[in-house]
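Number of protein chains: 2
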Amino acid sequence: MGWLPEEASGFRGIVKDLKRRAPKYVSDWTEGHNAKTTASIFFMFFTSIAPAITFAELLATTTEKIGVVEVCLSSCLSGMVFSVFAGQPLVIVGVTGPVTILTISIYGMAKALDISFLHFYAWAQIWAGLMHMAAAAAGLCDYIRYITNFSCHTFGMLIAVIYAVTGAVGIAKYYTRSQSFAACLMETILALGTTLLSLYLANASNWVIGNEKFRTFVSDYAPTVAIVIWTGISLVGRADDLGSDLTRLNVPRNFQTIGGRTWFLNLFDFPVWGIVLSLVPASIILILFIFDHNVSSIMAQSKEFQLKKGSAYHLDFFVLGICIVFTGILGIPPCNGLIPQAPLHTKSLCVVRKEKQHGVVVDVVERTYEQRYTNFSQALLTGVVCFRPLIGVLGQIPKACLDGLFLFMALSSLPGNELYERFCLVIAEPALRKSPHAWFRALDFATIKSFTKLQLAIAFVIYFVTLTPISMTFPLFIAALVYVRLKVLPKYFDEATLLALDPLIELAPDDPDGAKKDDFNGAAELVEDPRGAADEGKEGDAAAMPASDSSSNLLEAA
Amino acid sequence: MGWLPEEASGFRGIVKDLKRRAPKYVSDWTEGHNAKTTASIFFMFFTSIAPAITFAELLATTTEKIGVVEVCLSSCLSGMVFSVFAGQPLVIVGVTGPVTILTISIYGMAKALDISFLHFYAWAQIWAGLMHMAAAAAGLCDYIRYITNFSCHTFGMLIAVIYAVTGAVGIAKYYTRSQSFAACLMETILALGTTLLSLYLANASNWVIGNEKFRTFVSDYAPTVAIVIWTGISLVGRADDLGSDLTRLNVPRNFQTIGGRTWFLNLFDFPVWGIVLSLVPASIILILFIFDHNVSSIMAQSKEFQLKKGSAYHLDFFVLGICIVFTGILGIPPCNGLIPQAPLHTKSLCVVRKEKQHGVVVDVVERTYEQRYTNFSQALLTGVVCFRPLIGVLGQIPKACLDGLFLFMALSSLPGNELYERFCLVIAEPALRKSPHAWFRALDFATIKSFTKLQLAIAFVIYFVTLTPISMTFPLFIAALVYVRLKVLPKYFDEATLLALDPLIELAPDDPDGAKKDDFNGAAELVEDPRGAADEGKEGDAAAMPASDSSSNLLEAA
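Read top to bottom, the protein sequences are chains D and P. Numbering-wise (UniProt numbering), the first sequence opens with residue 1 and increments by one. Numbering-wise (UniProt numbering), the second sequence opens with residue 1 and increments by one.
Hints were generated in silico from the structure; no laboratory data involved. Worth double-checking, as some hints may not be accurate.
Which copy? The list can't say, so a pair holds if one copy fits it or any two copies do.
As the list claims (entries may be wrong) - No farther apart than 25 Å at their CA atoms in a straight line, the calculated lysine-lysine pairs in the BS3-like style are these:
no.	residue 1	residue 2
1	K309	K24
2	K354	K434
3	K434	K213
Quantities reported herein were computed from a predicted structural model and do not represent experimental measurements.
Assemble the whole structure, with the sequences as input and the hints as a guide.
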């Protein structure tokens with residue numbers, strides 16, 4: 001049974017991770033204090049806080065129990081714990097979009113059952129945290145090798161649709177509230193202005209003015225800059241005169257929970273059947289995080305970054321479990337690895353030099369500052385924002401800007417998603433179809449078309465699941481995609497077609513005995529075998545695919 | 001003295017034009033009545049009416065004496081006369097942006113002198129019309145061969161800047177009027193929405209969905225579609241409730257002048273010194289039209305269209321003069337050839353077939369319906385719009401949409417303007433500079449840079465002239481560019497550099513004796529001589545440039 005990894009026997013993976021990482025622990029705190037790492041701290045803080053606030057606002061609107069302070073506190077505590085205890089401290093953790101969607105589903109379920117949402121949420125996380133620890137001990141993280149582009153891109157499309165609908169519904173709602181027409185229009189301008197300005201600035205890397213550093217800066221900070229500018233506009237002249245008609249971020253006056261509740265819940269003031277039932281969302285959180293956390297972790301440790309200190313997937317997932325238990329006890333959202341922030345963090349720590357390879361100038365990483373305090377400091381900053389006077393600044397942001405940010409996230413996540421790319425090919429005029437992908441030249445277009453239609457249909461079925469009372473189960477459907485890819489699709493498409501459209505991700509063949517399997521860096525070395533070697537054992541002269549390439553394909557799964 | 005054309009002796013050019021065109025006159029009315037020509041009528045009507053209304057609204061706001069009816073009537077009458085009597089009836093005439101700018105300047109001058117603007121304007125046109133006839137008789141149209149890209153693109157940049165400022169100032173003014181904030185915001189949305197939607201739709205030719213016909217349609221009708229959509233939005237729900245706070249197009253209830261004056265002015269109820277002084281704006285109109293009308297006419301008769309019936313530049317300019325005398329008597333704006341509508345008109349009448357040449361599929365023109373009634377009918381339709389009930393439809397268009405259209409016209413005119421392209425190269429990061437132009441590879445970049453800086457400086461000097469009391473003289477500055485190119489630039493740049501950056505336009509060398517010079521089609525066959533043969537006589541194995549290429553460079557001079 002090739003499915004079960006070697007580590008699936010006790011704590012072997014975690015212990016190995018600990019043994020390898022422990023000797024390097026002191027250097028994690030002592031080395032690389034310089035301008036580059038300082039810049040990295042602020043860069044990570046800003047790129048993480050904008051989506052965090054956006055999700056927080058969505059949670060505040062729907063659940064009324066979780067707001068900006070809760071989300072920031074979760075990022076702060078989880079980030080600090082993870083940066084201190086994890087084996088790979090480069091992974092930035094935070095509250096993601098899928099977690100937000102799941103939280104809203106859990107809220108809906110609690111409401112339907114007429115039980116306390118916060119208790120239900122807390123117990124789900126406590127169970128989930130414990131499951132994480134067990135899963136880490138069992139070496140379950142290794143299963144990520146079966147998550148191909150088929151799952152990642154269907155997931156990405158689903159998230160894009162949900163974000164787009166969230167943003168659009170947010171904007172439409174301005175016109176149903178009983179406020180002045182001027183406020184409705186101003187909020188529409190703020191929302192669409194944020195979307196368009198973010199899209200424009202995010203494209204800065206394609207500009208030709210300035211230098212690359214400047215363009216990358218503008219591109220990376222696009223949503224932050226857009227929110228700052230539109231918040232500024234909303235605070236001057238007649239826009240500011242709109243007063244409370246213009247809805248701004250709902251934040252408390254100082255560090256405290258959104259409803260004024262105490263931080264620690266009385267966990268046992270809750271029916272036992274509720275505690276048992278919370279195992280359902282707990283399992284779903286586990287399934288989501290096996291997928292989501294490990295993909296971000298792999299991307300943060302991509303081969304191009306030339307990391308030296310080694311990885312620790314099992315230990316990391318165990319530490320993540322501890323964090324989730326804690327966030328559960330506090331009744332605040334759980335954190336996991338962030339895409340694209342985690343890989344951006346590693347990239348920001350790389351010292352690169354330009355080198356000409358095959359006539360093309362490329363960046364070659366000379367070294368990467370592998371340390372813990374950039375992650376720790378950015379997490380700390382996220383906490384500081386929850387206190388006066390900074391929390392007052394957050395309270396100035398119009399909610400409309402965040403609706404716009406959702407639209408931006410949806411639109412900017414589509415390029416690079418192969419499902420989206422194939423959809424564009426399907427709707428294009430036949431004479432104008434073109435694609436850089438090998439499958440486009442290798443396969444009959446009718447085959448590509450039926451594969452794409454099927455995948456789109458699946459994506460929309462899952463989307464409609466999220467609109468039903470069982471919306472919470474959507475990560476199960478995502479997980480089921482792995483099964484569909486491995487067991488169902490081969491019934492309708494031949495093996496060569498499937499491997500061309502969706503190559504399986506395998507451990508590098510230079511590591512066949514599992515001796516070094518716990519060093520998961522190997523998984524970042526993806527192998528595309530175009531000749532049909534589907535099962536793991538078979539090798540063949542597989543063409544190595546650059547890890548960064550496949551990583552970037554996963555970006556939209558954030 | 002190579003400057004003076006052969007025709008510069010009496011009416012020779014006009015007579016030749018008449019003799020050649022007369023035998024084909026009957027067929028101009030009898031042939032080619034089919035679906036293609038019918039579509040062309042409506043296409044031309046819509047692509048001409050949108051900018052016409054925009055300019056009309058600008059004129060109404062500034063002069064209060066010229067509005068939508070005046071501009072449409074001018075297009076209608078001039079178009080009908082031109083289509084019936086001109087030698088080349090494919091040229092669509094109408095009120096252009098430069099004419100609008102000039103009209104506003106004439107208004108400013110009349111105001112400063114405290115004389116009747118309409119009388120001053122009328123006399124200027126009557127003189128100008130007579131001058132046109134004299135110029136046509138003298139064969140002056142041939143001078144257009146000296147108008148190189150240097151003049152065209154400086155002119156284009158100037159117009160783009162003026163349009164951009166007009167649009168932006170229009171939007172800024174919403175906030176200075178004492179209306180509700182909701183109306184200000186709604187107008188801002190309508191303006192920027194029109195700009196962005198127009199830009200988006202105009203890019204349809206680069207889309208891949210649908211077929212080429214659909215994409216070309218969307219692209220050609222972009223501003224019309226954008227105005228229709230945003231006008232629709234402005235008419236529903238709370239936007240419509242804004243009532244008179246939302247400024248709409250100022251049209252009379254039925255066909256009549258904007259202020260209710262009679263159509264025929266008492267021309268002699270005006271001081272004699274004013275009649276004499278109007279010779280100044282008259283000369284400027286002449287200089288502008290020699291430039292603007294003939295460029296559009298050449299473009300409408302580009303070699304690619306395979307026209308068979310021959311051209312008639314001298315006769316056309318004479319007929320244009322007659323039209324200007326008439327518009328002058330009515331006190332409505334003068335018309336001349338429209339760019340890009342004139343070449344679009346011819347293109348819409350071409351029957352093409354796809355052909356593979358050198359491995360690339362190209363459109364080859366099989367025949368073009370050379371006739372008079374498409375032009376005549378679209379002109380007639382423009383007049384019909386001035387009567388009930390259609391005029392009521394025009395009155396529903398928010399003025400803000402037209403401000404947005406100005407921004408669109410400014411932005412969409414820039415690509416293809418070599419001054420703009422070189423400006424982009426100058427501000428680009430040196431490593432990322434790239435250009436398809438031959439001069440980019442042939443010349444030292446420092447030279448390109450100083451040439452571009454000089455040209456930009458000239459463009460902005462002329463722009464600042466338009467802000468002064470002598471703004472009316474801007475066509476003189478444009479005309480002076482020809483002198484600058486031929487006499488001043490050679491002092492600072494060597495001949496090879498100038499010919500690379502700005503090749504002189506010459507009659508095709510296969511027509512050296514002037515025998516067929518009156519068949520101006522030859523001028524569309526532009527010759528680029530990279531080896532430095534500046535004077536007309538010298539031939540050399542000049543590389544023939546496709547006419548359409550150079551024509552498209554002139555598009556922004558509209």
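Practice prompt. Indicate which option fits the pair K354, K434 if close means a Cα-Cα distance not exceeding 25 Å: within, between, both or neither.
Written response: between (31 Å within a copy, 20 Å between copies)
Review point. Between K434 and K213, at a C-alpha cutoff of 25 Å, which is it: within one copy, between copies, both, or neither?
Key: Between. Shortest inter-copy distance 20 Å satisfies the 25 Å Cα cut-off; intra-copy 32 Å does not.
Review point. Between K309 and K24, at a C-alpha cutoff of 25 Å, which is it: within one copy, between copies, both, or neither?
Key: Close inside one copy (7 Å), not across copies (87 Å); limit 25 Å.
Comparing the model with each numbered hint stated earlier shows that all of them hold.
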